[in-house]
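**Q** Got chain A sorted already, so can you dock chains B and C onto it with the hints?
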Amino acid sequence: MTAVTTGTPTRAPSVGTGHTRVEGRDKVTGAARYAGEVPFDGLAHGWLVLSTVARGRVSALDTEPVLAMPGVLAVLDHRNALRLETDYTGLMGMRPDPTCAVFQHDRVPHRGWPVALVVAETSEQAREAAEALVVHYEQEPHDVEFTGERPDAYPLDGHMPAVTEKGDLDAALASSPVVVDAEYTTPEEHHNPMEPHAATARWDGGRLEVIDSNQGVTWVAGELANLFSLDPASVRVRSEHVGGGFGSKGVRAHQVAAVMAATVLQRPVRVVLTRRQMFSLAGYRSPTTQRVRLGADTDGRLRALEHSAVSATSTVYEFVEPSAGVARVMYDAEAHHTANRLVRLDVPTPTFMRAPGEAPGSFALEAALDELAEKCGVDPVELRLRNEPDKGPVSGLPFAGRNLAACFREGARRFGWADRDPRPGVRRDGRWLLGTGTAAASFPAGAAPSTAAATALPDGTFTVRISAADIGTGARTALTLVAADALQVPPERIRMRIGDSAFGPAMIAGGSMGTRSWSWAVRAAAGELRERLALGADIPPEGITVRTNTAEAIAALPPAERHSFGAQFAEVAVDVGTGEVRVRRMLGVFAAGRIVNPLTARNQLRGGMIWGISMALHEEAVRDRASGGHVGADLAGYHVATHADVPRVEADWIDDTDPDDPVGIKGIGEVGIVGAAAAVANAVWHATGVRHRALPIRPDRILSAAAGAPDA
Amino acid sequence: MRKKQPMASSTSSVITLKINGEKYTLPVDHRTTLLDALRERLDLTGTKKGCDQGQCGACTVLLDGRRSVACLQLAVAAEGREITTIEGVADGDRLHPVQQAFLDLDGFQCGYCTPGQICSAIGMIEEHAAGWPSAVTEDVRPEAGPPPLTAEEIRERMSGNLCRCAAYVSIVDAVARAAEARPDEGHAHSATGAEEAVA
Amino acid sequence: MREFDYQRAHDVAGAVALLGADPDTRYLGGGTNLVDLMKTGVERPARLVDIRELPLDEIGTTPEGGLRIGATVTNGGLAAHPEVRRRYPALAQAVLAGASGQLRNMATVGGNLLQRTRCGYFTDVTQPCNKRVPGSGCPAIQGEHHNHAILGASDHCVAVHPSDMAVALTAFDAVVRFETADGPGQVPLADFYLPVGDTPHRETALPPGALITGVTLPPAPVAARSRYRKVRERASYAFAIGSLAAALDVRDGVVRDARLALGAVASRPWRAVAAERVLTGAPATAETYAAAADAELAAARPLPHNGYKVDLVRNLVVAVLTELAEETAR
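Residue numbers (our numbering), protein chains in the order written: chain A, 1 to 712; chain B, 1001 to 1199; chain C, 2001 to 2330.
Just chain A, same shape as in the assembly (with noise of 0.2 Å):
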């Protein structure tokens, strides 16, 4: 038995400092193994099968040739399936999409629904025999039209209020000397994380292992329990590491598919999305429709204030994107209302991706807040500060810290904002017209009871588990850096493991609130640990272990309006001949909490800063009317953002520590994207003199413009 000391407590804290990864190099070598890359011996793969109608039901499949196929194993449809238990509430307080428990029944809600599992020996085997197999369908009318007209549009609740109404909005749009009145579009957007979904699935020994890409292995495993009816304990999923997320990984079709598979042939059985399956299987953000109206005084102070929006989903699952919340958190106003509606159409489900809501939200409303300030002659940055509410809009609740003011002020200084002339259309650089613009950011700083467990080693190291999972957000190392402060070690000595659903119940990487949740739970099992072995204890070979739960400590926090917060800026560059827009420079400064690991997190920020790029410019996603499907569903016609769309980015932030939070964090998973898109378009605007209010803003869209249409 080894006696191990920790720290002196007069250590310089790791939190805040700048760290790399702790899985960099294995990331840097090719040696971080993700989901479809752990070797199972006896390994067969499958091949989902999407339908090809938008709406009706299958009436046959032609398995037999399909079966006699080289390799094939077997073929899996709703006629043999296993039957799935749907009827529950899962881990995150969410019914399940049915979309996710494959081969129940005949319809078909939309085009790309899965119908079939082929199981091959090898992948191409697989997959050839899937594109072989002969499905016959009763086809039936759909209808996929998305507009902001539907009358068959219903307010829902999501995990907000569908509507909030306060005081007399005709009243006090009409004696509102200004008024700004408009209807702004976003289309279909996808995560498009660079890893595809995938998953393997085996039993051992009675007990169920999922090796998998997600956002939570004890969410996707609760998930699994219930849909197979198997007790909890025997299933177990790992996912330590993941190739992005945003919002899209969690539990679907594939992990379904491969663990029925695995179920039936008694072998492991990996089935992996292909990008082209991605598009009607992992989820989306829901185009929007979204009106928004404003009244106000001449001077910018808001008196009316409307935000409206319309979001789509499937017959088969109420998902809302609520577009309109971000108007309760931001302005004030004695008149104001906001709504989230919803139209259900023969799509797929959307669901989360990256700031649901405040993403299509923020454009509106923050695009609508420029076209005041231009009406009213007033500086965009000015209105804002003018319009800072003291409370929540809606809530009445006290802010939590609100730094918003300090991060424009910031932001402005150091974009040079003073020197703005506010006229459009009159800078020019060769071909080039200029113009800047911004945008103000909020998304909620939120955290959820989480477990872990640390352990001291006699070796005097610390081994932390917990089930969290670093879908590139950097968790893996902040954690890291949480418990080495918590243990007054250096980081050098702890072990974080996490991915592990055997390490018990945790927050997701999901809602900006993994980090803080984490952090919490890693927090208080580790300096208990360390005030355990500041007794002076001897360490066992098996260690010293100390679990704790944070399920009571975050249920005692005092309700507030909680939320990070940002000023975004934007400077762009239009080419009215040829359409081009190009994004010159961007600076974001967020008001955040404590930033753990100002190294990644700077990444962090920035990628979601450029995910509203991306937003503005380039991302969109066609529905075909005449199939309900897509046309160019990849990444040569979904574009996302590349490099040489990308300059220096920068973001930043004031120090904003949360009084609340044991180490003083919000979250910035999502607030970079938040206003991001907007301070683009607005940016747009002042090059151009053109207001865009649907995005993207592709050539097509300038260069009509330019031809006549006042505004596109």
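Just some of the chain A residues that point at chain B, by a computed CB distance under 10 Å: (1) H45; (2) N192; (3) I610; (4) V646; (5) V649; (6) E650.
Just a few of them, taken from the derived set where beta-carbon distance is under 8 Å, the chain A residues facing chain C: (7) R127; (8) T578; (9) R582; (10) A626; (11) G632; (12) D700; (13) L703.
Chain C residues, not near chain B, derived (Cβ > 12 Å throughout): (14) P2134; (15) Q2186; (16) T2204; (17) V2254; (18) A2274.
The hints are simulated quantities; they were obtained by calculation from the structure and are not laboratory data.
Just so we're clear, the structure is a prediction, and the values are computed from it rather than from any experiment.
Yeah, the Cβ is synthetic: ideal placement off N, Cα and C, and Gly gets one too.
**A** Then chains B and C, alone, in the frame of chain A:
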């Protein structure tokens, strides 16, 4: 060369691939891409499959020293070529300068596009050193001389490698550092980088 | 992907013999288009003849001062070649504007000419497409077509040719050389791509079984001052929504010679003959350039969602010719 051995048929062959200086002999279905041969047959999973259609660059490897996408390269057609993957670019435990720069400057987030970005950067730096122009080179005529490897040149030349986490800024910094060139802008920013250096 | 036989050819005659008259056999060059199409099921060959090792990877000068480019020269090698950059800079620029560094290192000159349209209906085998399945219909006309043809299309197909390289080659009167079992042949690139008409599935004038062996560029002093400008929906790694290869010779304020070819506006690279006619002998002014563009675009038949291409092409012609004329003046 390719032999039709007993276990081979008209739709499969036994081939020998030269990968990272080692020879691997294996039977392959002709449909098998180099990418799938690496990942599923040879357990060289560092080369990533992002789109399988030549639209993302995650599977970038070096073929005879030139960067290429492994997803559109049939394995059977790669016989006889020198294949270098991410597993073969380091010198033992000593990382390749591009790898080291990605690590030090945080040129990635999720890490999935990273091997492709690194292999692409290695090939790109070679192409630039050979005097190849790019789409943003102002004057492509040989008399104009090779363009300096500015941030703009790096961005254009690396645009075949998508990074959905959008770690682009730090990737460009890493490539510039590895190429022993400095970006043409943002010198003030490198001070920030120093502040964030490894503690 | 269907199972297939694979054979490597070591000389041109051998390659042509291996392919024979088998309609289910394809030549495999860099594979950047063919292998992709095999994965999506658009192409389902039973046999591939790999031509990458053929001795067709050289670029040489012709006695007249032109260039002979081998069919298996990679796009990357083509764009890097000093004589290409010196004599036909727009060709180097066009190649560099296409795809990515990786794809350019794989893709070959012959394959580039034969690449298929990127129309989203063509590449999705669950959709109708007259080019892929003759007679099945063209959903693009009523559907998504914002990047489809404004020139030379028909009621049967409105797809555009995706190549950048071929646009520059078209501007410079390239001739495609090929080999068949009956011996060698050649066809001007201007006649290489067939009109769409009611046979969009018939794309080139190559005889059945023919192997492209290379491209010959005749001497063109005007090409030494040439430019390729490509407009796309992001800054790089995307197909064009409109592009222009242009060369201009201006002396004493008068256009002596002009070469113009347009990309992403038709089923083939579009040589702007009408525009060249207006330009030649006319004063080198923006008005002339606009008149030239208008002359070419008089035949444009835009669809509901691609009318912007008319403005785009017109603006591109004026902008690029203005730049070229200014360079000449310097």
